[in-house]
Amino acid sequence: MMEIPNELSYSKDHEWVKIEGNIATIGITYHASDSLGDVVYVDVITSRDNLNQFDKFGEIESVKAVSDLYLPLGGKIMEINEDLNNNPQYINDDCYNKGWIIKLEVNNLDEMKNLLNAEEYKKNLE
Amino acid sequence: MNKTTLNNQHKLLNAKMVDFANWEMPISYPTGIIKETLLVRNQAGVFDVSHMGRLEVIGENAKIFIETLFPINVNELKNNSAKYTLLITDKGEVLDDAIIYKFNENKFLIIINASRSEIDIKWIKSFKYKVEINDLTNSTSMLAVQGPEALNIIKKLTGNAIDDLKRYKFKEISIDRYSAFVTRTGYTGEDGVEIITNNDNVESLWNKLLKNNIFPCGLGSRDILRLEAGLHLYGHEINPSSNPIEIRLKRVFKTTTDNYIAKDYLRTIMGNEPKKIMVGLIMKDRGIPREDCEIELNSEKIGYVTSGTHSPTINKSIAIGIINKQFDNVNNTVKIKIREKNLEANIIKLPFYRRSEK
Numbered sequence: 001m002m003e004i005p006n007e008l009s010y011s012k013d014h015e016w017v018k019i020e021g022n023i024a025t026i027g028i029t030y031h032a033s034d035s036l037g038d039v040v041y042v043d044v045i046t047s048r049d050n051l052n053q054f055d056k057f058g059e060i061e062s063v064k065a066v067s068d069l070y071l072p073l074g075g076k077i078m079e080i081n082e083d084l085n086n087n088p089q090y091i092n093d094d095c096y097n098k099g100w101i102i103k104l105e106v107n108n109l110d111e112m113k114n115l116l117n118a119e120e121y122k123k124n125l126e
Numbered sequence: 001m002n003k004t005t006l007n008n009q010h011k012l013l014n015a016k017m018v019d020f021a022n023w024e025m026p027i028s029y030p031t032g033i034i035k036e037t038l039l040v041r042n043q044a045g046v047f048d049v050s051h052m053g054r055l056e057v058i059g060e061n062a063k064i065f066i067e068t069l070f071p072i073n074v075n076e077l078k079n080n081s082a083k084y085t086l087l088i089t090d091k092g093e094v095l096d097d098a099i100i101y102k103f104n105e106n107k108f109l110i111i112i113n114a115s116r117s118e119i120d121i122k123w124i125k126s127f128k129y130k131v132e133i134n135d136l137t138n139s140t141s142m143l144a145v146q147g148p149e150a151l152n153i154i155k156k157l158t159g160n161a162i163d164d165l166k167r168y169k170f171k172e173i174s175i176d177r178y179s180a181f182v183t184r185t186g187y188t189g190e191d192g193v194e195i196i197t198n199n200d201n202v203e204s205l206w207n208k209l210l211k212n213n214i215f216p217c218g219l220g221s222r223d224i225l226r227l228e229a230g231l232h233l234y235g236h237e238i239n240p241s242s243n244p245i246e247i248r249l250k251r252v253f254k255t256t257t258d259n260y261i262a263k264d265y266l267r268t269i270m271g272n273e274p275k276k277i278m279v280g281l282i283m284k285d286r287g288i289p290r291e292d293c294e295i296e297l298n299s300e301k302i303g304y305v306t307s308g309t310h311s312p313t314i315n316k317s318i319a320i321g322i323i324n325k326q327f328d329n330v331n332n333t334v335k336i337k338i339r340e341k342n343l344e345a346n347i348i349k350l351p352f353y354r355r356s357e358k
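Each protein sequence line maps, in turn, to chains A and R. Using our numbering, the final residue of the first sequence is 126, and nothing's skipped along the way. Using our numbering, the final residue of the second sequence is 358, and nothing's skipped along the way.
Chain R with its partners taken away, still in its complex shape:
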């Protein structure tokens, strides 16, 4: 099994370790998943997300390479900016969701899911453009620092180097004389940053964060936080056969170019009214909906749950599901089949949680 550089630090903190996409990762620390979730909502938490795939693309052909593989117009993406996107084949198979970081026209960073990295890399490398593709996953580490206090603490620790950093922008700065890539992005619904640095520096950075009132949080709380924020997870809301419109990701295709490999497929799905739609569900009864639970309306199956959990933030059990589009109405009360019981839930407009802007 793969281990991140911080593996030993997690064990020193008595984290519960689990196999996640063949990486030994902390699911929670002794604090527990619920308290970790609330620490990120109310203060600041740090997640080791070094298992996520990091690919650097460099070269004169990098622009056309990115525009071929992703629904992105590189000219419309400013330097030092990030964009959430999907990796889709010419046949319309959704391989992954990803974040693309543009340094300039000749240099990009692609962040992909650990669980999909092998498949993604195989697809990406099948394009014979003259670009250099460097897999930085094993040579670098990545931390996500999230929560209402996160930005202020990081600003203080970096000598105000990121004071002007806007959402979805990134900057290369130095922390204690080593260089770090800091991006104002995240996967929790909170403000904060993600930091990539060389493996040599990450232990010192990790301990520095913990000493400054940033709490270590595991993948268990990260999953709850993303679900509360209505964010997709590959393998749950997104699958190889997903229709991006049905899962409310139409926005991803705003700036597609003629270079895009899936442009014909895109034209087909854009021209057709989707039959299904992704919705939020809040339980009225006691019980946590889990993946694959059936959703019923008037005893008829109308969909299924893609992710479910108990939300500590709103203190209710919640789920994301995909249902037949004609039933997408926030006034609908549906039944979710949880083990042998049919429990009541309300359809809501996602997300379950939205932070208040300062």
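Chain A extracted, bound-state conformation:
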């Protein structure tokens, strides 16, 4: 697996974003999943409208630790990856594909300027 795919954008909180039209697919990065270890639960908040950039949108719990999830962009959560309920290991095994967490209808694509590209994210990890 590519650890930091070039085509994605990243937040400093280790979420990745893939933009298609005004829909953003969001997950956590390889670095985040590797630090957490084996993921057991992914929980997304129940009030899913009118969320701001960097709001908490859920929690991810591994065998060893719990970590908050933060929205890399503001908007409305349209879809949740239900497969993660029975296959939380997708986050560890394939975080950029099968391990996606939510799809978000983005309010304002200008907020992308607050995110990092692959190279900047990589530097941020160093």
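It should be emphasised that the hints constitute simulated quantities derived from the structure, not laboratory data. In this text, all values refer to a predicted model and were calculated from it rather than measured experimentally. Fair warning: there could be bad hints in the mix.
Claimed, not checked - Once the Cα atoms are required to be at most 30 Å apart in a straight line, the calculated DSSO-like pairs of lysine-lysine come out as:
| # | chain 1 | residue 1 | chain 2 | residue 2 |
| --- | --- | --- | --- | --- |
| 1 | A | 98 | R | 16 |
| 2 | A | 123 | R | 16 |
| 3 | R | 341 | A | 56 |
| 4 | R | 11 | A | 123 |
| 5 | R | 284 | A | 103 |
| 6 | R | 91 | R | 254 |
| 7 | A | 12 | R | 78 |
| 8 | R | 155 | A | 103 |
| 9 | R | 254 | R | 78 |
| 10 | R | 316 | A | 98 |
| 11 | R | 122 | A | 98 |
| 12 | R | 337 | R | 325 |
| 13 | R | 122 | R | 263 |
| 14 | R | 349 | R | 335 |
| 15 | R | 337 | A | 56 |
| 16 | A | 122 | R | 16 |
| 17 | R | 107 | R | 11 |
| 18 | R | 35 | A | 122 |
| 19 | R | 166 | A | 76 |
| 20 | R | 16 | R | 208 |
| 21 | R | 16 | A | 56 |
| 22 | R | 254 | R | 349 |
| 23 | R | 316 | R | 335 |
| 24 | A | 12 | R | 16 |
| 25 | A | 98 | R | 284 |
| 26 | R | 78 | R | 11 |
| 27 | R | 35 | A | 98 |
| 28 | A | 56 | R | 335 |
| 29 | R | 316 | A | 56 |
| 30 | A | 18 | A | 123 |
| 31 | A | 103 | R | 341 |
| 32 | A | 56 | R | 284 |
| 33 | A | 12 | R | 171 |
| 34 | R | 254 | R | 171 |
| 35 | R | 171 | A | 122 |
Said to hold, decoys possible - A few chain R residues facing chain A, derived, Cβ under 10 Å:
| # | residue |
| --- | --- |
| 36 | 16 |
| 37 | 17 |
| 38 | 21 |
| 39 | 35 |
| 40 | 220 |
Yeah, the Cβ is synthetic: ideal placement off N, Cα and C, and Gly gets one too.
Keeping the supplied structure of chain A fixed, place chain R upon it in accordance with the hints.
This is chain R only, laid out in the frame that chain A set:
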């Protein structure tokens, strides 16, 4: 930080290393904690447990020394046998849990927790019996080989030298011309052995095990395995102020002698009905209970969690907790406060997992 002889081998396998009681130890390998747990439940795994304290006690006074420090009647413990026990001061402070190995009346081995070793040794050495106490922790290494396949593989690798080795017995044998102490004990709920050998031989033994379908497993899976098996961990279920009866360790005191330093304390706790009790908890809701989470019944705090995790074996989140004894009822559904949520859990009779006997 202390390093075991195998430190470099763990790093070659890309293990995640953590500080555990001032030892740099592998918490998991790239396999991951969950798969490592399941490998031990279904096949066989090996853990480097060389950080655990190993003290040899030798001398004519060894018997009385052991009987003074531990609730053990040495005459009732056969040669080449091991016993799980507690190290308790005359004031009733629980210093550690330990395993005592009796070679004969004049020679014993005590295995203690790495995190407690300094305190234990200070206490043990404060008794001025004429015995020789040798700390073997740094000169030897210790591997735990556990799982349903473990014994068969070890039997094959040792030229059938341990074919007759029963549970809680040990034997000194040779593996590839070097000597090894092999004991049929463990801390996973699986059958298997623990092997102590000189540091010079351990790398060769380690690699031999890995070549024979025994998978390297880290301390992360070891903690899950012991929790599933309902086994205590010092610093969690056992603390300096623990009442052994409350944490269901009454069995440890079956063979106490008059030499025992904590016999008065023992008489007091045996005569009193315990107020609290250790129980198992299985989550009904999603969420992993962690140490110190409060346990509630009808909005009243009745106890706290001592250890919690997600069990890959039963695929549920589980915990061990200590609650007020009057609520110890397997029909009780309690709430565990996990961060800001009150999540439902059932009280169960420990353990969560018991292997099927062949």
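Consistency of the hints with the structure:
Distance hint between residue 98 of chain A and residue 16 of chain R is fulfilled; the C-alpha atoms sit about 25 Å from each other, no more than 30 Å. Taking the CA atoms of residue 123 of chain A and residue 16 of chain R, the gap is about 22 Å. The hint holds against a cut of 30 Å. The suggested pairing of residue 341 of chain R with residue 56 of chain A holds, with an alpha-carbon distance near 16 Å, which does not exceed 30 Å. A hinted pair counts as satisfied when its Cα atoms are at most 30 Å apart, and residue 11 of chain R with residue 123 of chain A qualifies at roughly 25 Å.
Note on residue 284 of chain R and residue 103 of chain A: the hinted pairing holds, with a Cα-Cα distance of about 28 Å set against a maximum of 30 Å. Proposed proximity of residue 91 of chain R and residue 254 of chain R is supported: the alpha carbons are some 20 Å apart, at most 30 Å. Of the supplied pair hints, the one linking residue 12 of chain A and residue 78 of chain R is violated, its CA atoms being roughly 61 Å apart against a limit of 30 Å. Distance hint between residue 155 of chain R and residue 103 of chain A is unfulfilled; the C-alpha atoms sit about 54 Å from each other, more than 30 Å.
Taking the CA atoms of residue 254 of chain R and residue 78 of chain R, the gap is about 15 Å. The hint holds against a cut of 30 Å. A C-alpha spacing of about 23 Å is found between residue 316 of chain R and residue 98 of chain A, which places the hinted pair at or below 30 Å, so the restraint holds. With a C-alpha separation of about 54 Å, the suggested pair residue 122 of chain R and residue 98 of chain A falls outside the 30 Å cut-off, and the hint is violated. For the suggested pair residue 337 of chain R and residue 325 of chain R, the alpha carbons sit about 19 Å apart, so the restraint of at most 30 Å is met.
For the suggested pair residue 122 of chain R and residue 263 of chain R, the alpha carbons sit about 21 Å apart, so the restraint of at most 30 Å is met. About 17 Å separates the Cα atoms of residue 349 of chain R and residue 335 of chain R, which keeps this hinted pair within 30 Å; it holds. About 20 Å separates the Cα atoms of residue 337 of chain R and residue 56 of chain A, which keeps this hinted pair within 30 Å; it holds. This hinted pair checks out: residue 122 of chain A and residue 16 of chain R have alpha carbons roughly 21 Å apart, not beyond 30 Å.
Taking the CA atoms of residue 107 of chain R and residue 11 of chain R, the gap is near 36 Å; set against the 30 Å cutoff, the hint is violated. A hinted pair counts as satisfied when its Cα atoms are at most 30 Å apart, and residue 35 of chain R with residue 122 of chain A qualifies at roughly 29 Å. Of the pairs offered as hints, the one joining residue 166 of chain R and residue 76 of chain A is violated, with about 63 Å between alpha carbons and a cut-off of 30 Å exceeded. Restraint check for residue 16 of chain R and residue 208 of chain R: the C-alpha separation of about 22 Å stays at or below 30 Å, so the hint holds.
With a CA separation close to 29 Å, the supplied pair residue 16 of chain R and residue 56 of chain A stays within the 30 Å bound. For the proposed pair residue 254 of chain R and residue 349 of chain R, the alpha carbon gap of about 22 Å is at most 30 Å, so the pair holds. Taking the CA atoms of residue 316 of chain R and residue 335 of chain R, the gap is about 16 Å. The hint holds against a cut of 30 Å. Restraint check: the Cα-Cα separation between residue 12 of chain A and residue 16 of chain R comes to about 23 Å, which is no more than 30 Å; the hinted pair holds.
Taking the CA atoms of residue 98 of chain A and residue 284 of chain R, the gap is near 27 Å; set against the 30 Å cutoff, the hint holds. Between residue 78 of chain R and residue 11 of chain R the alpha-carbon distance is near 40 Å, which puts this suggested pair outside the 30 Å criterion. Between residue 35 of chain R and residue 98 of chain A, the direct Cα distance comes to roughly 19 Å. Compliance with the 30 Å bound is thereby established for this hinted pair. Taken as a hint, the residue 56 of chain A and residue 335 of chain R pair is honoured in the structure, with Cα atoms around 25 Å apart against an allowance of 30 Å.
Between residue 316 of chain R and residue 56 of chain A the alpha-carbon distance is near 26 Å, which keeps this suggested pair within the 30 Å criterion. Of the supplied pair hints, the one linking residue 18 of chain A and residue 123 of chain A holds, its CA atoms being roughly 20 Å apart against a limit of 30 Å. With a CA separation close to 26 Å, the supplied pair residue 103 of chain A and residue 341 of chain R stays within the 30 Å bound. Between the alpha carbons of residue 56 of chain A and residue 284 of chain R the distance comes to roughly 25 Å, so the proposed pair stays at or under 30 Å and holds.
Between residue 12 of chain A and residue 171 of chain R the CA atoms are separated by roughly 56 Å; this puts the pair beyond 30 Å, and the hint is violated. Our distance criterion of 30 Å between C-alpha atoms is met by residue 254 of chain R and residue 171 of chain R, whose separation comes to about 25 Å. The suggested pairing of residue 171 of chain R with residue 122 of chain A is violated, with an alpha-carbon distance near 53 Å, which exceeds 30 Å. Residue-level restraint check for residue 16 of chain R holds (minimum Cβ-Cβ distance to chain A is 8 Å; threshold 10 Å).
For residue 17 of chain R, the shortest C-beta to C-beta distance to chain A is roughly 13 Å, which exceeds 10 Å, and the interface hint is violated. Interface restraint check: residue 21 of chain R against chain A, minimum CB-CB distance 17 Å, threshold 10 Å, status violated. Given hint, residue 35 of chain R at the interface with chain A, holds; its Cβ is 8 Å from that chain's nearest Cβ, closer than 10 Å. Hint status for residue 220 of chain R: holds, given a least beta-carbon distance of 7 Å to chain A, under 10 Å.
The structure is inconsistent with the numbered hints 7, 8, 11, 17, 19, 26, 33, 35, 37 and 38, although it conforms to all the rest.
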